[in-house]
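As they're listed, the protein sequences go chains A and B.
For the first sequence, the tail end lands on 335 under numbering that gives the first Met the number 0, and the numbers increase by one without skipping.
For the second sequence, the tail end lands on 335 under numbering that gives the first Met the number 0, and the numbers increase by one without skipping.
Treat the hints as calculated values from the structure; they're not laboratory data.
What you are looking at is a predicted structure, and each value in this text was computed from that prediction instead of being measured.
Take these hints with a grain of salt, some might be off.
The list makes no distinction among identical chains, and a pair is therefore deemed to hold if it is satisfied within one copy or across any two copies.
As the list claims (entries may be wrong) - Okay, derived cross-link-like pairs now, DSS-like style, lysine-lysine, Cα gap no bigger than 30 Å in a straight line:
1) Lys-75 - Lys-168
2) Lys-184 - Lys-78
3) Lys-320 - Lys-263
4) Lys-190 - Lys-147
5) Lys-184 - Lys-168
6) Lys-256 - Lys-210
7) Lys-190 - Lys-75
8) Lys-184 - Lys-89
9) Lys-232 - Lys-41
10) Lys-320 - Lys-132
11) Lys-316 - Lys-300
12) Lys-190 - Lys-132
13) Lys-132 - Lys-41
14) Lys-184 - Lys-75
15) Lys-170 - Lys-48
16) Lys-168 - Lys-246
17) Lys-75 - Lys-210
18) Lys-41 - Lys-25
19) Lys-327 - Lys-25
20) Lys-48 - Lys-256
21) Lys-263 - Lys-75
2 protein chains.
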Amino acid sequence: MKIIVDAMGGDYAPEVVIEGAIVAVKEYDVDVVLVGDEKVIKALLLKHKYSGERISVHPSQEVIGMSESAASSVRKKRKSSIVVGIDLVKNRVGEAFVSAGNTGAVVCAATLGLRLLPGVERAGIAVVAPTLKGISLIIDVGANIDPKPSQLLQYGVMGELYSRLILNKPKPTIGLLNIGEEETKGTEIVKDAYELLSKSALDFVGNVEPKDLFSGKSDVIVCDGFVGNVMLKVSESAAETLNIFLKRSILSNWLGKVGYLLLKKSFMSYKQKLDYAEYGGAPLLGVDGVVIIGHGRSNVKAVKNAIRVAKEEVEAKFNEKIIEAVSKTGEKLQVS
Amino acid sequence: MKIIVDAMGGDYAPEVVIEGAIVAVKEYDVDVVLVGDEKVIKALLLKHKYSGERISVHPSQEVIGMSESAASSVRKKRKSSIVVGIDLVKNRVGEAFVSAGNTGAVVCAATLGLRLLPGVERAGIAVVAPTLKGISLIIDVGANIDPKPSQLLQYGVMGELYSRLILNKPKPTIGLLNIGEEETKGTEIVKDAYELLSKSALDFVGNVEPKDLFSGKSDVIVCDGFVGNVMLKVSESAAETLNIFLKRSILSNWLGKVGYLLLKKSFMSYKQKLDYAEYGGAPLLGVDGVVIIGHGRSNVKAVKNAIRVAKEEVEAKFNEKIIEAVSKTGEKLQVS
Numbered sequence: 000m001k002i003i004v005d006a007m008g009g010d011y012a013p014e015v016v017i018e019g020a021i022v023a024v025k026e027y028d029v030d031v032v033l034v035g036d037e038k039v040i041k042a043l044l045l046k047h048k049y050s051g052e053r054i055s056v057h058p059s060q061e062v063i064g065m066s067e068s069a070a071s072s073v074r075k076k077r078k079s080s081i082v083v084g085i086d087l088v089k090n091r092v093g094e095a096f097v098s099a100g101n102t103g104a105v106v107c108a109a110t111l112g113l114r115l116l117p118g119v120e121r122a123g124i125a126v127v128a129p130t131l132k133g134i135s136l137i138i139d140v141g142a143n144i145d146p147k148p149s150q151l152l153q154y155g156v157m158g159e160l161y162s163r164l165i166l167n168k169p170k171p172t173i174g175l176l177n178i179g180e181e182e183t184k185g186t187e188i189v190k191d192a193y194e195l196l197s198k199s200a201l202d203f204v205g206n207v208e209p210k211d212l213f214s215g216k217s218d219v220i221v222c223d224g225f226v227g228n229v230m231l232k233v234s235e236s237a238a239e240t241l242n243i244f245l246k247r248s249i250l251s252n253w254l255g256k257v258g259y260l261l262l263k264k265s266f267m268s269y270k271q272k273l274d275y276a277e278y279g280g281a282p283l284l285g286v287d288g289v290v291i292i293g294h295g296r297s298n299v300k301a302v303k304n305a306i307r308v309a310k311e312e313v314e315a316k317f318n319e320k321i322i323e324a325v326s327k328t329g330e331k332l333q334v335s
Numbered sequence: 000m001k002i003i004v005d006a007m008g009g010d011y012a013p014e015v016v017i018e019g020a021i022v023a024v025k026e027y028d029v030d031v032v033l034v035g036d037e038k039v040i041k042a043l044l045l046k047h048k049y050s051g052e053r054i055s056v057h058p059s060q061e062v063i064g065m066s067e068s069a070a071s072s073v074r075k076k077r078k079s080s081i082v083v084g085i086d087l088v089k090n091r092v093g094e095a096f097v098s099a100g101n102t103g104a105v106v107c108a109a110t111l112g113l114r115l116l117p118g119v120e121r122a123g124i125a126v127v128a129p130t131l132k133g134i135s136l137i138i139d140v141g142a143n144i145d146p147k148p149s150q151l152l153q154y155g156v157m158g159e160l161y162s163r164l165i166l167n168k169p170k171p172t173i174g175l176l177n178i179g180e181e182e183t184k185g186t187e188i189v190k191d192a193y194e195l196l197s198k199s200a201l202d203f204v205g206n207v208e209p210k211d212l213f214s215g216k217s218d219v220i221v222c223d224g225f226v227g228n229v230m231l232k233v234s235e236s237a238a239e240t241l242n243i244f245l246k247r248s249i250l251s252n253w254l255g256k257v258g259y260l261l262l263k264k265s266f267m268s269y270k271q272k273l274d275y276a277e278y279g280g281a282p283l284l285g286v287d288g289v290v291i292i293g294h295g296r297s298n299v300k301a302v303k304n305a306i307r308v309a310k311e312e313v314e315a316k317f318n319e320k321i322i323e324a325v326s327k328t329g330e331k332l333q334v335s
C-alpha cells in the first residue's frame, strides 16, 4: 500500500512530516510518497538517517500557506504539494492522501480533483473527540458550512460507518447537535434533519446539547461545518486557556511550585488524554479517495497516526461501504 | 429602586434565590420583590432571619420548569413566576426583572410582555466571558438563532454600549465570530454582517476566530444565537470535563494526592477565575425593560451579582442609550 503524504503541510513541516513518515513506514508496513521540495526532503531523510526503499519523493514546486484562501490558492497553485498530492491519488499512484496543511485547500483540491463518491451530496470532515466514556466522532467540522438537511443525514450515515468500521464500535448511536433536547428546537434546517434522521435506519438518539459534547451521549455527533468548526476550535482554545490560568495560579506561590513538581506525572497523563496526536488526523469523508487531514500543529506522532488512519481506511475498503450505505439511506438496512 | 426577582427560577430555587436577595438588599441599597410561592418564600425569609422592609413578596401560583418548551409554557402558564414577574416590570411596579429560570421562557415572556425598544429588531442575550486579558462580551448566546445581518449589526451596537457603560471599557472593540479571519469567510449572513459592521461607527476589528475566543482579541464578540449558545455551553462543558480528567489523573497515585493538597489554594483561585457567579447574570438586551438572566445553576453569589447588574443597568439608563444608539446606527456617531 502506498500513502501519498504532503511533506510541506503543517506548522512544523517539512521536518516533522518526514520524521512521522519514517516512523510510520517502520511501524505500519506501508510505503510513503513524500510530495514537496525534493532537495529539502532528501536532505532531511539523510539527516534522519533514512535510506530505505519504502519512502520515495515526488517533487512539487509550490506550497499553499496555512492562511491562504482555499479556492483561489487551489486554482492558482497547480504545482502545490496539495494539488499534486491529490492528483497522485486520482491517478492511482497511491491509495490515500495525508496532509496537515491548509484544511480548506485540501477539501477544495480533493473535492475538485477526486470528485464525490456516487450518491454523496457533500464531503464532510470527521474528528474524534475524547469524552468521559471514551471517544465520540463529530461530523462535519468545516467542509460544508451551509448544509441541507439531506446532507446532515448523510453525515450521520458516513459517521456511523466510520465509527463502526474504523473506530470499532459495534453499534454506534447517532446524535444531532442542537441547542435543546426537544425535537422542536433549532433552526429549520436542524429540525428537518431531525426528522430525516428519525426516519432513517440509523440508531438515532435525538438531539445532543453542546453541554453533552464530552459526556459521550452518542458515538457520532452530526452538525453543520460552521458550528462543528466553532465547537472544535472553542474546545481546543478552552483547554489551552484553562491550562494557562491553572499554571498562572499554581506558579504564583511556592507551595504551588512544590505541588506542581509532585503532580508532574499526573499533568502529563492528563495532557496525553487530550492530545489530538493520539487520534491521528481527521478523515474527509465522501470524496472518491482516502483523504486524511492532520492538525495544523501536527507533531511526529500526529503525522504517524494520520498515516495509520489512512491505511486503516484503505484496508476497510471504506469508500465502497459509503457508496453502498448512502444508496440505501432511508431503508431499514445496514451495511457491514 | 425596586428589582423584581423570580424566586422560583434556577436549579437551587427558591432557597438560594432568597439568600441571594437578602445579601443583595444589604449590599446594594435596592428593594427586592420576590415572585413565587408566598408561603414557601416567607418561611425561607424567616429561616434566614430576614425581617427587614426591603424585601416584599408577590405571589404567583405556577412555575415554568427548566426544560419546558419556552413559547408554549409562557402561553399556558400565565400565573407563573416568570410571566407574573415580567408583568410587574411592564406595570412599572419594579425597574428590572432577574430570573435564573428557563432562559427561553424568560426571553419569550420578556419579548411578548415588554416588547422591543423602538428601533430594535430582535433582543439578544449577552454574556461576559473570562479571557487571558480580562473579559469579553459575547452577544447573542441564544435569544435569536436565525438572525439577519442587520440584527447582528445591532448586537454589535448594543454590545458596544454595554461594554462601555456597564463593563467600563473606555473604547470597546467589536469582532464578528467567524471560522476564518478573511472577510470572504463564512455563510452569506456572516459575510453581509461583516460588511454592515465595517461601514458602521463601531470600532470593528474584523472576524474573530473561535480559537481566539479567550484571547481577548475584541471586547465584544457578535454571533448568531445558535453558535453563541453552542460556544457558551461547549466552553463550560470543556472546563468541567478537563477538571474531571485532571482530578482522575491526579488522584490515581499517592504523589498526586499529596501534590493536590499543596495545590488546593491554587485550584481554588483558578476556579474562581472561571466562576460565572463572579460576573452576575446575562442581560437580555433590546427589550423595553431591564431583564437579567441568571445561570440555571446560580448560587447565592450569582443571584446577588445578577441583582447588582440589574441595578447598574437601571442606573445607567441603559435602554434610553440603546434607543439613541440604534437610531444612529450607520452614522459615524457614538452615544455616551
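Hint-by-hint comparison with the structure:
no.: 1; hint: Lys-75 - Lys-168; verdict: neither (42 Å within a copy, 44 Å between copies)
no.: 2; hint: Lys-184 - Lys-78; verdict: between (47 Å within a copy, 24 Å between copies)
no.: 3; hint: Lys-320 - Lys-263; verdict: neither (45 Å within a copy, 52 Å between copies)
no.: 4; hint: Lys-190 - Lys-147; verdict: both (11 Å within a copy, 19 Å between copies)
no.: 5; hint: Lys-184 - Lys-168; verdict: within (29 Å within a copy, 36 Å between copies)
no.: 6; hint: Lys-256 - Lys-210; verdict: between (33 Å within a copy, 29 Å between copies)
no.: 7; hint: Lys-190 - Lys-75; verdict: between (39 Å within a copy, 24 Å between copies)
no.: 8; hint: Lys-184 - Lys-89; verdict: between (42 Å within a copy, 28 Å between copies)
no.: 9; hint: Lys-232 - Lys-41; verdict: neither (35 Å within a copy, 48 Å between copies)
no.: 10; hint: Lys-320 - Lys-132; verdict: within (27 Å within a copy, 49 Å between copies)
no.: 11; hint: Lys-316 - Lys-300; verdict: within (25 Å within a copy, 57 Å between copies)
no.: 12; hint: Lys-190 - Lys-132; verdict: within (28 Å within a copy, 38 Å between copies)
no.: 13; hint: Lys-132 - Lys-41; verdict: neither (44 Å within a copy, 44 Å between copies)
no.: 14; hint: Lys-184 - Lys-75; verdict: between (43 Å within a copy, 19 Å between copies)
no.: 15; hint: Lys-170 - Lys-48; verdict: neither (45 Å within a copy, 57 Å between copies)
no.: 16; hint: Lys-168 - Lys-246; verdict: between (37 Å within a copy, 27 Å between copies)
no.: 17; hint: Lys-75 - Lys-210; verdict: between (42 Å within a copy, 28 Å between copies)
no.: 18; hint: Lys-41 - Lys-25; verdict: within (18 Å within a copy, 74 Å between copies)
no.: 19; hint: Lys-327 - Lys-25; verdict: neither (39 Å within a copy, 66 Å between copies)
no.: 20; hint: Lys-48 - Lys-256; verdict: neither (41 Å within a copy, 44 Å between copies)
no.: 21; hint: Lys-263 - Lys-75; verdict: neither (48 Å within a copy, 56 Å between copies)
The structure shown violates the earlier hints numbered 1, 3, 9, 13, 15, 19, 20, 21.
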